[in-house]
Structures are given as structure tokens and as C-alpha cells.
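J.: Under my numbering, the first residue of the sequence shown is numbered 123, with each subsequent residue one higher.
No lab work stands behind these hints: they were computed from the structure.
Keep in mind the model is a prediction, meaning the values are calculated, not measured.
Just so you know, not all the hints are guaranteed correct.
As the list claims (entries may be wrong) - BS3-like, lysine-lysine: derived pairs with alpha carbons at most 25 Å apart:
{"no.": "1", "residue 1": "K243", "residue 2": "K370"}
{"no.": "2", "residue 1": "K370", "residue 2": "K308"}
{"no.": "3", "residue 1": "K308", "residue 2": "K243"}
{"no.": "4", "residue 1": "K572", "residue 2": "K308"}
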Amino acid sequence: MIDTRQGIRKFANLGGAENRADRLIRFAVSLIIALLAAYLPAYTGLGSEGRATFFILIFAAGLWLTEAIPAFAVSFLIIALEIVLLGLIPGGEWEAFLSPWASPLVFLFLAGFIMASAASKTRLDIWIAKRVLFLVGNRPEHIMSGMILVTFTMSMFISNTATAALIVSILFPMLATMRPDNPYRKGLMLAVTMAANIGGMGTIIGTPPNAIAVGLLGTSAPSFVGWMMLALPPALLLVISLRYLLLKRYPSNEPLIDLGPLHGVDHTDDTSIVHATVPSVPSWKKSAVVLTFSLTIMLWLTGPLHHIPTTVVSFLPIVIFTMLGILEAEDIRALHWDVIILIIGGLSLGSAVSSSGLDDWIATLFAEQTLPLLLLVPIFAYLVVLLSNFMSNTAAANILLPLVAAVAVVIGNSSPMLAVVTVALSASLAMALPVSTPPNAIVFASGALKSRDFWLMGIVSGVLGPLVILGWIYLVSTFF
Numbered sequence: 123m124i125d126t127r128q129g130i131r132k133f134a135n136l137g138g139a140e141n142r143a144d145r146l147i148r149f150a151v152s153l154i155i156a157l158l159a160a161y162l163p164a165y166t167g168l169g170s171e172g173r174a175t176f177f178i179l180i181f182a183a184g185l186w187l188t189e190a191i192p193a194f195a196v197s198f199l200i201i202a203l204e205i206v207l208l209g210l211i212p213g214g215e216w217e218a219f220l221s222p223w224a225s226p227l228v229f230l231f232l233a234g235f236i237m238a239s240a241a242s243k244t245r246l247d248i249w250i251a252k253r254v255l256f257l258v259g260n261r262p263e264h265i266m267s268g269m270i271l272v273t274f275t276m277s278m279f280i281s282n283t284a285t286a287a288l289i290v291s292i293l294f295p296m297l298a299t300m301r302p303d304n305p306y307r308k309g310l311m312l313a314v315t316m317a318a319n320i321g322g323m324g325t326i327i328g329t330p331p332n333a334i335a336v337g338l339l340g341t342s343a344p345s346f347v348g349w350m351m352l353a354l355p356p357a358l359l360l361v362i363s364l365r366y367l368l369l370k371r372y373p374s375n376e377p378l379i380d381l382g383p384l385h386g387v388d389h390t391d392d393t394s395i396v397h398a399t400v401p402s403v404p405s406w407k408k409s410a411v412v413l414t415f416s417l418t419i420m421l422w423l424t425g426p427l428h429h430i431p432t433t434v435v436s437f438l439p440i441v442i443f444t445m446l447g448i449l450e451a452e453d454i455r456a457l458h459w460d461v462i463i464l465i466i467g468g469l470s471l472g473s474a475v476s477s478s479g480l481d482d483w484i485a486t487l488f489a490e491q492t493l494p495l496l497l498l499v500p501i502f503a504y505l506v507v508l509l510s511n512f513m514s515n516t517a518a519a520n521i522l523l524p525l526v527a528a529v530a531v532v533i534g535n536s537s538p539m540l541a542v543v544t545v546a547l548s549a550s551l552a553m554a555l556p557v558s559t560p561p562n563a564i565v566f567a568s569g570a571l572k573s574r575d576f577w578l579m580g581i582v583s584g585v586l587g588p589l590v591i592l593g594w595i596y597l598v599s600t601f602f
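Generate the whole structure from the sequences, applying the supplied hints.
T.: Okay, here's the thing in C-alpha cells:
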């Protein structure tokens, strides 16, 4: 669900101490480039508000790319600049740039974080992962399938960072029993990153780019179930294809894998006798989490039947888990508020791009090239994959999705859903480098992989993925 460089540094310790002077230089360079790009050329047909928005867009992109300041802080800066440059001019409505704080998507993501926190605190996530791995047996191909299934499913509703860290902690004792020269060790760890990254495609709350796409599409956005119909088939096809690739590239030289070490991974079950010294989690709390999870997801999936808004359903886990004491005040404070702020910044930036006319101006430039929409969408999709390998995929989506929506409307003369959803889903396919996503960084930090081990999976997913996604969504939008 989450893709921030802060998370990468937290789990992999790749960042180190930042030099304040270096940050200041990167900030100044980003500012100067944005000012020159927005105000120096004589852009025909671009008004003062469009230029101001263009400046904000380029400045934010530079800050996100150089990481001169934290990603969430860029969102605050975006909103502040919009209020000063656009909202305070005669006729401007500065309150409009604060409206994303009340977006229904904020509460939808908040519910996802609440559910993830409850599963983690009750250790239910570890228990589920262990149960699935024991059920699939000890054949290498079955273990990889079971692990991919758990990781993929959890990442649809829980942070992909937390999911990857959890699965790695479960698998690492098992890896220690394998022969050091077994290639399967690498394949299994790569499968963790692949399933965690692609799993986030499956739901609106799976990863921030999905939510940003839904926010930009507004009334034409797919429902919770509609999104799953668009995203799950290509995601599953990609996962199955990459699983086959990993098993071929990293075959096991051991016919059976010892699952015994998994018994030593504590899930603090109150029936445990091995870990009796660890404070147990009462069974009723686990049962309450399971029931609330099931009810919430069922209500999300059956929205067209009962017509309860998805956002209203989101309050269910928030109320139940806090009412029953499963989550306390410190748990709420520990939620990933920075990710929510990053989403809000993206929605506010999209609003400014639209209201200032910048989207129409950029779309007109593309329209003059007479390129068909089905050719432009892959270009944007590959661009978001490229950018997301070097910066947060949320930031990349914040930059590109408003432009994609505008171009799709002008060129396609129809709803921009096909283009926006395709590009948003493609943002989850960037996994060619250790720093591309937090799951990559977590696995890399374990010492089981080298940088070059990510290349094959990253290139295949980045090249094949956007075409698979576009093909499926085009098929659905055309014939269904």
C-alpha cells in the first residue's frame, strides 16, 4: 500500500545522515528550474494562473525527485503555494485547495491503515501466513505459490512495506535451513517483492496511486468492486507469469524444504506453549478482528446491492477496533499519516491543474501531434514506471495523472478512465532497483540479494505489465 523513500530508509537504512547544505542546494536548484521553466518561455495560450500552476507542478516534481524535503512536506508546500498564487488573487477561492482534506478517499485509506494496525497488533497476519505455508506443503513450487498468495492478498488491504517485512521475518528462519548454493533462496525473496508490489494494484486502498486516480476521475471513477474488476485480472496474470519466470530462473536443488523453523515464529497465540513467556493476545480480539475484516470487505464488495457508500463502511473498523480497545490512542498516532498527507497533496495538485486550465493547455499540445490515445497511454504508463523506479510512485502519480486525465479527454473525447487507471496501475510495476520500492529495499537489506538480481523481474514487469493492463482495461471498457 505504501511507497515512500522514508519507509525504504527505515527498513533498509539506505539513506544515512543527510547533509543540510546538500538539501538546501537541491531545494534551491528545484526552485530555480521551476521558475525558469514556468516563466521564462513565452507559452502561447497559457494564462497567468496556468503558469503559476505549471511552476508549482515542476517545483513539486523536482522536490519529490531530489528528496530535498520529505515527500509529505512537499504536499503542504503545494497547498500553500496554491493558496498564495491562485487562491488569493481576485476571484480566487483558496478554500478549494483545502477541500481534499475532506475527501472520502482519506477515510477509505484511514480504514485500511486501521485494519492493518489491528492485524499487526493481534499478530493475526503472522498466524495467517504460517497457516497458509503449512497447508501448501514443503515442495518448493508450492511454498512459492502459497507465499505469493499470502503476500499478494495482504498487500491489497495492508501496507506493502509491512507485508514484505512480515513475510521476510517468517521466511528467513526457513531460508537458513536451505543449502547456501540453492538458487531458490533468491527466487523466493524476489517473489516477496513482486507479490507485495503488484498486490497493491488490486483495490482502491491497495496503494496511493489508485486512490489518486479515483479522486481525479470523480463521478466517473469505478466503484470498489469496479476497480477490482479492472485491476485484479491483469495483476493476477502478471503474478502468475512472474512466478513461472522466477521458478525457471531460480530452480531449487532441494526437492523438499524444511518448514520446521516456521514453528518457532511467534504469533503470540494464547494457545501457545512454546512462547508462554510472551504476553498472549486474547482469542476474542483475534476473532473480533477477523469478523470486522470480513464484514468490512464484504460491505465494500457488495456496495451495488446495499448502496451504503464505501466511505461510510470505512468507519466500521475505525469504531469497532477503538471501542473494543484493540487499538489505543498510541496506535492511532502511529498510523501512516504522512502517506495520507501525500495523497491529499496529489488531489490538491490535480484540482489546481484542472481549475487553472493547465490541463487543457498541455492536452492541446498532445492533440497537435495527432497521436491516438492508445499510443499515448503506453507512453505515459512507461514514463510512470521509469519515474517510480527512482522516486515514490505516489509522487510520480501525483505529477502525471492530472496530465493523463486531461490528454485523454481532449484526444479520446470520452471518459479518461482507461488512461488514468492504466497509468495508476502501472505505477506499481516499478521494481528494477533495490530502492524502487520499500519491499525491494527490505529484501535487499536482508543480504539475500544483490542489486542486479532485481533487474530481470523489474524489466519484465515494467515492459510487459503496462501492455497487459491496457489490453485488459480496453477489453472491459469496449465490450462490457
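J.: Take the hints in turn and mark each one as holding or not.
T.: So, going through the hints one by one against the coordinates:
1. Under the criterion of a C-alpha separation no larger than 25 Å, the hint pairing K243 with K370 is inconsistent with the structure, at around 37 Å.
2. Straight-line distance between C-alpha atoms of K370 and K308 comes to about 12 Å, which keeps the hinted pair within the 25 Å bound.
3. Annotation: proposed proximity of K308 to K243 is violated, straight-line Cα distance about 30 Å (limit 25 Å).
4. With a C-alpha separation of about 9 Å, the suggested pairing of K572 with K308 holds against the 25 Å cut-off.
Comparing the model with each earlier hint shows violations of hints 1, 3; every other hint is respected.
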